[in-house]
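J.: Read off the chains here:
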Amino acid sequence: MVDIERRKVATGSGPVTTFELGEGPVVGFLHGPAGLDEPTACMRDLAVDHRVVAPCLPGFGPTPGDPTLRTVHDWVVFLSELTDRLGLVGSRWVASSVSAMLALELAAVRPEAFRSLVAVAPTGLWDPDDPGVDLYSLSLTDQAVHLVADEEVRTALAALPEGLDTDGLVELGVSRYVRRRTAASLVWPLPDHGLADRLHRVAAEVVLVWGSEDRIVPPSYGERFAGLLPTATVAPPIAGAAHLVALDAPAAVAAIVRNDSG
Amino acid sequence: MRSLWFHLMPYPDLPDGFADHHRSVWVDIDPGLYDPEVGHRAYHDYLDELEYAASVGFDGICVNEHHANGYGLMPSPNLMAATLARSTDDAAIVVMGDSLALYNPPLRVAEELAMVDGLSGGRLVAGFPVGTPMDTCFAYGMNPLTLRERYHEAHDLVVRAWTAEEPFAFNGTYTKLRYVNPWPRPVQQPHPPIWIPGGGSVETWEWCAEMDYVYSYLSYFGYKAGQATMRGFWQRMADLGREPNPFQAGFIQFVGVADTDAEARRLYREPAEYFFNRCLHLYPPFADPPGYQTEATVRAGVEGMVARAAARSAGRKKAPMGSSTGGGFTFDEMVELGYVVIGSPTSVAEQLVDVATTLNVGNLMLLLQFGNMDRDLTMFNTDLVAREVLPEIRGLFEDEWEHRWWPIPMGAGRRRSVGGAR
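Here the protein sequences line up with chains P and U, keeping their order.
Under the working numbering, the first residue of the first sequence carries the number 1, and numbering increases by one thereafter.
Under the working numbering, the first residue of the second sequence carries the number 263, and numbering increases by one thereafter.
Hints listed in this document are in silico derivations from the structure and should not be mistaken for laboratory results.
It is possible that some hints are incorrect.
As the list claims (entries may be wrong) - A few chain U residues facing chain P, derived, Cβ under 8 Å:
| id | residue |
| --- | --- |
| 1 | Gly403 |
| 2 | Pro406 |
| 3 | Thr408 |
| 4 | Thr556 |
| 5 | Glu557 |
| 6 | Arg561 |
| 7 | Val564 |
| 8 | Leu639 |
Unchecked claim - Here are the computed distance ranges between Cβ atoms for each label pair:
| id | chain 1 | residue 1 | chain 2 | residue 2 | range |
| --- | --- | --- | --- | --- | --- |
| 9 | U | Glu472 | P | Ala255 | 55 to 61 Å |
| 10 | U | Gly566 | P | Asp150 | 28 to 34 Å |
| 11 | P | Asp134 | U | Ala558 | 24 to 30 Å |
| 12 | P | Asp129 | U | Pro546 | 26 to 32 Å |
The model shown is predicted, which means the values in this text are computed figures rather than measured ones.
Just so it is clear, CB atoms sit at the ideal spot from N, CA and C, and this is done for glycine as well.
Using the sequences provided together with the hints, build the complete structure.
T.: Encoded structure:
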């Protein structure tokens, strides 16, 4: 059992709930669209031999949303400030989906921000011939299936914590809506905000990770990103995993991060 | 009571089995289903019907805005309003309305509506909806997170553009203009009446009260389903110390009239079934993109769900729009639930008086063409309502309340007559 420290980091967007766990080399971890209520299995795995620092981004769970975060530019400025406040500029990072897009955006405008980045199924590019599924044109049930392939993980994500009273249930329902809203706002109506033109500025080493069953950002995007990044490798697709690879295959993603930081 | 004739301009030739073979009437409706020649005839039929309604005594004629929609062929209501401004004389032209966030810059709305107000000699009502999620977020790609902020900013720009006495700079979050100075300017001063088409959100009620705008509840599911919403509106108005002036509220209602109740049921069954079971065949995810609902509305919805779950109440059949596929409603259900008011002139007049007084609504928007109803039946319906129903409802509220939200046109002697050049 690893000790988990939960603290609030002051930023211009308000206090950011941040989880820290484990001992060892520091790895920053940016969650995906599901948000972050507590450290995930992948974070706990990494914490065996790393110090994992995992902030919950505004609107994605215990950190309240910030109405001034309207555009990708706003988010990049916020993320830049957050890395400063966490003292993690120049560290190794892992980021998933929309967060990986934001991390790449920050790495493009502030090349020293990251030493390396494991980018798990980043959004941010658009290929009209291989657009992927429009997540928000699906029912909530189908959205969940496209995000996470493993039924047990999906069930756990949707479960209601035991002992919640009526007020707690209402707050949980609202929180889940707000995190869907926040994630959607970063890729609406299309995920392309011009990142392709900026990726050549990224100095960090990037490892691109995909799940073989990702239909939201198809695995073919790995090579597209790699072709635009100065220093990138594409890890072999993780079999059976969907878009939220770190939830579907926590040990596999942790192993890639370990390999990257070894 | 003001009676308004509202046209949705539905595409009249959606095929049999549409709901079985197509995902949605809106957003990704099959473009191959659209026959431009059918559209050509429909536009002219529909404009004829609106013009006829204006000529037989309806107080206003209404158009609205939808995009990528098989039951609404008006991406630009202002185009239709401009046409009607030339071809009608006295009826109010009610644009219900322009989805403000979709115009770039929204100043365009101030300009175009000023043109319509000028063309019509001051007969315009300016409706400003947020717009449905299908129109705004899916068909027009608006980010749901910022849609409402854009809408309110656009509203502020349009109203200020209409009323400013000097050119001004507008430094909004979404629109930045160094010089705002619309020419032409509206005939009606300080600006045309503003009506807000809305759903049931408390925020919209409060905003209408604060701004002194008309609140129009545009639901296709009739007066029975609308009672809770309108009760909520008037309760909120009372809480805010506002008088219950029925002319500050509008409501929409499908109506079909014939000489007898039995004949009405025979005539209007097919168009009603076409509308409710084809035109409202909506793919549910298009109705609820994350962020379209305000957090307060979501909270109220979750609270309701939690309460229902706690009470283990049995589910009721949901209304189709926005929550289901719109399939499977029988005509008898549509009549019983009040979606469609059907019957003889006497019966319909009684029901409409009941609608107006129960909901306390002074602007009744009647849908007398719906679904695939053809021009002849629409004219028949319009004529019969004008002759035998309107006289029975016209006097409602007029002696007790002042309508402060109705257009004030130029005097007849100052208005130029139209036509005559050909």
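J.: Failing hints, ascending?
T.: 4, 8
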